[in-house]
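Trainee: Protein sequences, first through last, are from chains A and B.
1 is the number of the first residue of the first sequence in my numbering; add one for each residue after it.
1 is the number of the first residue of the second sequence in my numbering; add one for each residue after it.
Fair warning: there could be bad hints in the mix.
[Stated by the list, open to error] Restraint ranges, calculated between C-beta atoms of paired labels, are given here:
| hint | chain 1 | residue 1 | chain 2 | residue 2 | range |
| --- | --- | --- | --- | --- | --- |
| 1 | B | G78 | A | M67 | 58 to 68 Å |
| 2 | B | P208 | A | P168 | 48 to 58 Å |
| 3 | B | S106 | A | P307 | 24 to 34 Å |
| 4 | B | P122 | A | D343 | 52 to 62 Å |
| 5 | A | D13 | B | G121 | 25 to 35 Å |
| 6 | B | L31 | A | E183 | 26 to 36 Å |
| 7 | B | G121 | A | A129 | 48 to 58 Å |
| 8 | B | G121 | A | L333 | 49 to 59 Å |
| 9 | B | G121 | A | D153 | 20 to 30 Å |
| 10 | B | S106 | A | T8 | 53 to 63 Å |
| 11 | B | L31 | A | P12 | 37 to 47 Å |
FYI, nobody ran anything at the bench for these hints, they're computed from the structure.
No experiment lies behind these values; they were computed from the predicted model shown.
All C-beta atoms in this analysis are idealised placements derived from N, C-alpha and C, irrespective of residue type, glycine included.
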Amino acid sequence: MIRIDSVTKRYPDGTVAVDRLSLEIPDRSITVLVGPSGCGKTTTLRMINRMIEPTEGTILIDGKDVMKQPVNTLRRSMGYVIQNAGLFQHRTIIDNIATVPRLLGWSKDKARERARELMGRVGLDGALAKRYPYQLSGGQQQRVGVARALAADPPVLLMDEPFSAVDPVVRKGLQDELLRIQEELGKTIVFVTHDIDEAVKIGTMVAVMRTGGKLAQFAPPAELLSAPADAFVEDFLGADRGIRRLSFFSSAGLDLLTTPIVAVDATAEQIAARTTPDAPYLLVTDLNGKPLGWSEPGALAAGRIDPARLVSHGRPFVHGKESLRAALDGSVLSPTGWAVAVDTEGRVAGVVSQQTIGEAIRAAHAEGRADAKVAG
Amino acid sequence: MSGFFDIPSDLQNTYWGLVGLHLREALIPVLAGLVVALPIAQLCVRLRWLYPPVLWITTVLYAIPSLAFFVVLIDYTGQTETTVMIPLAVYSLVVFVPAIVDGVRSVPQETLDAATAMGLGPIRRYVQVQLPIAAPAIIAGLRVATVSSISLVSVGMLIGNQGGLGNLLNDGMIYHQPRLIWLSVIGTAVLAILADAVLVVIRLVVTPWMPRGGRKTRPVDEPARPEPVAPALEDVVR
């Protein structure tokens, strides 16, 4: 465990970057430091590997004071990932990754073998091994940065806004990849970001810091969204924290309606039988059960339904796997106001109205507990 | 038998012997200058306030005519090659110090931070990261210094046949032999061009990691540098 104990960083000119900060960073989980610029989050991170030395207070790793260890030994025992990757532009990808193992005295062959293994782990094509950094895209460079940090299998990983400089699509991919790698490796990760969405998405614990280097709140993301400690945290979370909090409630408890669903080759009897007073529309699926679109029952011609005349069904959500947020989003995007639930194969599992989703949300809030974080 | 490359006997050498002498007198000072400039430049990188005064001093030294250097140095080192080479080494500093400082400073902060965070101490960081990344800038400086040094060696003739091919220029004027003058001037220019070409090849070999034309993936932020051969040729003609 990393224990930050009333640490203060004061610069000679009197600026206080971090002010009596105390944090207990749990092992084998991702702890995110988040806050506006100038809140001291990067300073805090850099005090863990002594790139910046604290003015007061102590930082203990498994009970050992970082200030009492040889600085380079300490640093080689921690991976460090930085914005823009900070790769060595004069070294090939494989030699970049092999840097710390080489410093630790591994043979060249062993270090390179390890580097190759890591390229696979972070999703890099082995053919890139002999390339130079300038030949890679920003996202690929960042993957190299992660592989380089993991090379000597350090128990601790420090990540300083690692994904801020890549575009949103690539960033989402990298975040998912990090969560996957973390599931496999179980490192103690300290992650700095200014993006609250990123913090909520990847953090097991989130420390919100405010300007002046003070801790505003230290809590799991769901708690942060449901019970912000003060006006600053609430403001920092943004206007739609209620919606985002729904990410933490599973859609598994939603009562799906399975009646108003017909296949594209439905007969007149089937259409009549499936029409219920509960739902003003029928969802048409293809022969494999995948959703095609909505229609009013009267507009359907038996035996030959024209998919081109159906109303869009919006984005379906995966029932039980995705969150109430995805379900609500699906119903808002659907012109009928009904969301389509599918199974993991993409086949329709049922439909659900905004009203039912609203009831589920109220019930979830009343129970006051968030399920384990669910995807989406 | 009188060949095109025959030269007067008072030079006590062959044409190719003079070429060798010329190269030696030009290149040793450049290497010496580089060795001296590396620690000076590193100091300037570490102590920012030191850079402007150092730049100022190297510029003032560059402004001192070599003849003035000779007058002072002859008392200590006599009419020798050393007397010619010392000012040349001093002149090369005006090129090397800024080239190395700019090169080392061009290493991105993230790269340095990453190196520090991975546990590279200051010496490893300098040798394994900063110097290799500064290599293109240093070699650019090396090109300018080499070519200008090759052209400046000729003034060594002023202290008695210590100017390599410059001695031939002097003889050509004394004996009114245009052929000797051409041999001197063209020979010096060809040496400068060849030396520059060799350095360009070295640059390409030691920096395979530099983006090259055609397969660039990002803009190359290499500042435009003066073509070294041009000022050198001016010096030769002067």
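Trainee: Provide an ascending list of the numbers of those earlier hints which the structure does not satisfy.
Mentor: Violated hints (numbers, rising): 2, 3, 6, 7 and 10; every other hint is consistent with the structure.
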